[in-house]
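Novice: Sequence:
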Amino acid sequence: MDRVGGNQTYVLTGSFLNHYNQSTNADNKINTLKIVAITISSIIFILGIIGNGLVIWIAGFRMKKTISAVWFLNLAIADLLCCASMPLYIADWASDDVCLSSPSFVTFCFFNSILLYVNMSASVLFLTAMSVDRWVSVMWPFWTKVHRTQKLVRITAGIMWVLSISWTGVMIYLIIIHDYININRYDTEKTIPLICFFIMFVFPFLVIFTSYVTVFLKLRNSSRPQRSRRPYRIITAVILCFFICWALFNIWPLTPIYKEDKVRLRTVDVIANILACLNSCINPIIYVFMGKDFKHRFLRSIPFRLKNALDDQSDEPSKEQEDQSDDNLMNPPKNKRINLMNPP
Numbered sequence: 001m002d003r004v005g006g007n008q009t010y011v012l013t014g015s016f017l018n019h020y021n022q023s024t025n026a027d028n029k030i031n032t033l034k035i036v037a038i039t040i041s042s043i044i045f046i047l048g049i050i051g052n053g054l055v056i057w058i059a060g061f062r063m064k065k066t067i068s069a070v071w072f073l074n075l076a077i078a079d080l081l082c083c084a085s086m087p088l089y090i091a092d093w094a095s096d097d098v099c100l101s102s103p104s105f106v107t108f109c110f111f112n113s114i115l116l117y118v119n120m121s122a123s124v125l126f127l128t129a130m131s132v133d134r135w136v137s138v139m140w141p142f143w144t145k146v147h148r149t150q151k152l153v154r155i156t157a158g159i160m161w162v163l164s165i166s167w168t169g170v171m172i173y174l175i176i177i178h179d180y181i182n183i184n185r186y187d188t189e190k191t192i193p194l195i196c197f198f199i200m201f202v203f204p205f206l207v208i209f210t211s212y213v214t215v216f217l218k219l220r221n222s223s224r225p226q227r228s229r230r231p232y233r234i235i236t237a238v239i240l241c242f243f244i245c246w247a248l249f250n251i252w253p254l255t256p257i258y259k260e261d262k263v264r265l266r267t268v269d270v271i272a273n274i275l276a277c278l279n280s281c282i283n284p285i286i287y288v289f290m291g292k293d294f295k296h297r298f299l300r301s302i303p304f305r306l307k308n309a310l311d312d313q314s315d316e317p318s319k320e321q322e323d324q325s326d327d328n329l330m331n332p333p334k335n336k337r338i339n340l341m342n343p344p
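Going by the UniProt record's numbering, the first residue of the sequence shown is number 1, and it counts up by one from there.
No false leads were slipped in.
Listed below are the simulated DSS-like cross-link pairs for lysine-lysine, each with C-alpha atoms no more than 30 Å apart in a straight line:
| no. | residue 1 | residue 2 |
| --- | --- | --- |
| 1 | Lys190 | Lys34 |
| 2 | Lys262 | Lys34 |
| 3 | Lys218 | Lys64 |
| 4 | Lys218 | Lys65 |
| 5 | Lys262 | Lys190 |
Hint data in this document are derived by calculation from the structure and do not stem from the laboratory.
Given the sequences, and given the hints that come with them, work out the whole structure.
Specialist: So, in structure tokens, the structure goes:
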């Protein structure tokens, strides 16, 4: 009996020590994950605020009110607000679920999540709308010159914002039904991720992929000589970045991950959210800064402002000369080759 009891004591003690070691290792992995997530998220937040802020400044105040500027401005606003929502999640990771510390903070985190999801949805919708706009401009250039107006683009942008807000409202309604009202006929735990997967990933990705592949083929088969490979690089970057940034965010809720495996669950969740927010950080680089006109405007605006601030010499260019130079840049002569990726 003593032997049996001793064996039982040994087994129980060994199981306890094994469980303790596993828990300690899991906590250490989660702490390491927090440090990495906070560091990367902070970098994304800073770059996203700066990049999208510059886009809003240039597209809203420095560029002529073109159709492309309207798209860039709305996309940058959505991405800026998305990046602005990140500090609360960084604080949440750093302080062990600060969002659950008080009822007022729970409410604040709830509305912050709504803001984040609205702007994520808006960003996806604007990326999709911009791809369709480029496709129409390349495939039917003469129809575009007549019917593609700023008024139409502004109305379309407004519809995108309304759709993103409405879509977020529907998701919140279904979540409330599942968590609070608990109506069994709504199997929202499986339905919501599936709906999000098709509406916010599969459909936009197919539209973006089809639109830009068609544009790619049109450019390649064009009779006009292509002096630059920039359009092809932009097309490739757009498709790859959209897929990489949004695939895990929309796919992993459909994947059966054991809730007991806290490390794996937290790791996938953090990576998925970081990649989704990364899309808002790199959008200015892909859609704006890779564009020739915008890059020239950006590079000219900064030196002029620095010169005006640091040097009061009378031989500095006047505001009228700067604006005239910028207008010539944004509106090249008619005999200049038209860039199909950036239609007028």
